[in-house]
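> In case you want the letters, here they are:
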Amino acid sequence: MNTKILVNRFGPILSNQSEGLEIYTEIKTCLDNSNNIVEIDLSGVISMATFCAKQIFGQLFIEYGSVVFNNRIIISNASGDLKSIIRLGIRNAIDTKN
Amino acid sequence: MLEFVFPKHITPNYCHEVLNKIEEGFNQKSTDKKEATIDLTKIKKSSLLGVLIFYKFLEYCVKNNCFLRSTVLGTDNVEKEWARYGFTPLLKPLFSNKSLKEKYYNQLDIQFEDKFIVAPQPLLRENNNSKEALKYKFLPQIRRYYKGDEKKVSMIFSCLSEIILNFWEHARKDTHSIIVAYGTKDKIEIACADTGEGLISNLKNCDSIIKNKKNEIIKEAVKLGITSKDNTNHMGYGLFMLDQFTRLVKGKLHIFSEGVEYRNSFGKILTKDCGFWQGTIVYINLPLRNPVSITDIEEIKNIELTEVNLNWK
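Chains as they are written, first to last, in this note's numbering: chain L, 1 to 98; chain R, 1001 to 1313.
Source of the hints: derived by calculation from the structure; they are not laboratory data.
Here the structure is a predicted model, which means the values were calculated and not measured.
Hints may be right or wrong, so weigh each one.
Claimed, not checked - Below, computed lysine to any residue pairings styled on SDA-like, alpha-carbon distance capped at 20 Å: (1) R/K1313 with L/D95; (2) R/K1313 with L/G80; (3) R/K1135 with L/S18; (4) R/K1214 with R/F1276; (5) R/K1223 with L/D95; (6) R/K1313 with L/S79; (7) L/K83 with R/K1214; (8) R/K1223 with R/D1296; (9) L/K97 with R/K1214; (10) R/K1151 with L/S43; (11) R/K1313 with L/V68.
Stated by the list, open to error - Not close to chain L: a few residues of chain R, all C-beta gaps over 12 Å, as computed: (12) T1037; (13) T1075; (14) I1200; (15) G1225; (16) H1234; (17) C1274.
The beta carbon of each residue, even a glycine, is placed where N, CA and C say it ideally should be.
One chain only, chain L, in its complex shape (with noise of 0.2 Å):
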């Protein structure tokens, strides 16, 4: 069973640190909470500063790694642009973890 997050309920950009931390905790409640694999929908989402992708992505595989990520993580109709700044996001997780 799929557990579908819609962002576009915060608008066309996500641009604070409230709002990262809400989705963020609302992904990792899903994760914790149960198997269901967390579809993560960014159809109407236009744009995303490089802080919330790091707070979200980021800071999601910091803590739960590859496997998870790999296994458990969809994410859906995210445009070029939303590609490139989560796996910036991500990248910057990494690199400044180590």
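With chain L held as given, fit chain R onto it using these hints.
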């Protein structure tokens, strides 16, 4: 008696002169109060940025009781420019010494004709109304204005998300950061200013900055990975991305903070001393004929992520 005479041109290339003329105002907070005149009658050529600087300067002086009494000398043209960029409802309470309440911002709207103007919006962390106005009122309308050209929308929104986040999160106290934008089908201008702790002070003590001079610090500020908040989720991409977009589309970026200016004019970089501004001002002007996306920035395109296979759907 203090006199602040605004120069003939208050366009972005001349805003350093504006700052030269008004810097003394920031010293008045803790001195014996004097009378002051702010003279705008010499202004012949105005701009979004020039009007924003005037407004924020006046707001700072009123809020901090800098003067015993102040007089603003204007002209019909100056007033037209305030109205054009949506500042008139914000200036009225300042002139009558009333506190600036949220209701004045709520009167502001986005204007659409052949162009659009996002009237000044406050960036207040604790204020949901200002967040919602930006996200649910202004941004969807900007998107509709550029309908059919998602690359333009994406570039504009990438700039907006970084500017908004940085002014939101870097200002340690809410100092009424104001963002304003002006767009046509061919270009977009975004200006944001605050009167809090400036970029220079924020960066001066951070580990990744080893420079001491202000013009060296401001040059560093636009480099990849430079942030005043090391060991946080700040990545130091905000100003870097604005600078790279400016370079790629041959636009203009001006950053003013605490006596120094960084200027990227069509890819040509200049830093110079200018009048002191308490806080930070960021102004970007991007031509939209050939918009670019984040992946056109070399340093971002080449990012490798071999540790994880992301599941895109």
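> Hints first: check each against the structure and report whether it holds.
Comparing the hints with the structure gives:
1. Restraint check for R/K1313 and L/D95: not satisfied, since their Cα atoms lie roughly 26 Å apart, outside the 20 Å limit.
2. For the proposed pair R/K1313 and L/G80, the alpha carbon gap of about 12 Å is at most 20 Å, so the pair holds.
3. For the proposed pair R/K1135 and L/S18, the alpha carbon gap of about 14 Å is at most 20 Å, so the pair holds.
4. In summary, the hint linking R/K1214 to R/F1276 is supported, as the alpha carbons are separated by about 11 Å, within the 20 Å threshold.
5. For the suggested pair R/K1223 and L/D95, the alpha carbons sit about 17 Å apart, so the restraint of at most 20 Å is met.
6. For the suggested pair R/K1313 and L/S79, the alpha carbons sit about 11 Å apart, so the restraint of at most 20 Å is met.
7. A threshold of 20 Å between alpha carbons decides the hint, and for L/K83 with R/K1214 the separation of about 36 Å lies outside it, so the pair is violated.
8. Taking the CA atoms of R/K1223 and R/D1296, the gap is near 17 Å; set against the 20 Å cutoff, the hint holds.
9. Of the supplied pair hints, the one linking L/K97 and R/K1214 is violated, its CA atoms being roughly 30 Å apart against a limit of 20 Å.
10. About 16 Å separates the Cα atoms of R/K1151 and L/S43, which keeps this hinted pair within 20 Å; it holds.
11. For the hint pairing R/K1313 with L/V68, the CA-to-CA distance comes to about 17 Å; that is within 20 Å, so the pair holds.
12. R/T1037, annotated as away from the interface, keeps every beta carbon of chain L farther than 12 Å; the closest lies near 39 Å.
13. A cut-off of 12 Å between C-beta atoms confirms that R/T1075 is not in contact with chain L; the least separation is 38 Å.
14. Every Cβ of chain L is farther than 12 Å from the Cβ of R/I1200; the closest lies at roughly 21 Å, confirming the non-interface assignment.
15. Once the 12 Å rule is applied to beta carbons, R/G1225 is inconsistent with being away from chain L; the minimum gap is 8 Å.
16. Separation of R/H1234 from chain L is inadequate, the least Cβ-Cβ distance of about 6 Å not exceeding the 12 Å criterion.
17. A cut-off of 12 Å between C-beta atoms confirms that R/C1274 is not in contact with chain L; the least separation is 28 Å.
In terms of the numbered hints stated before, the structure departs from hints 1, 7, 9, 15, 16, listed from lowest to highest.
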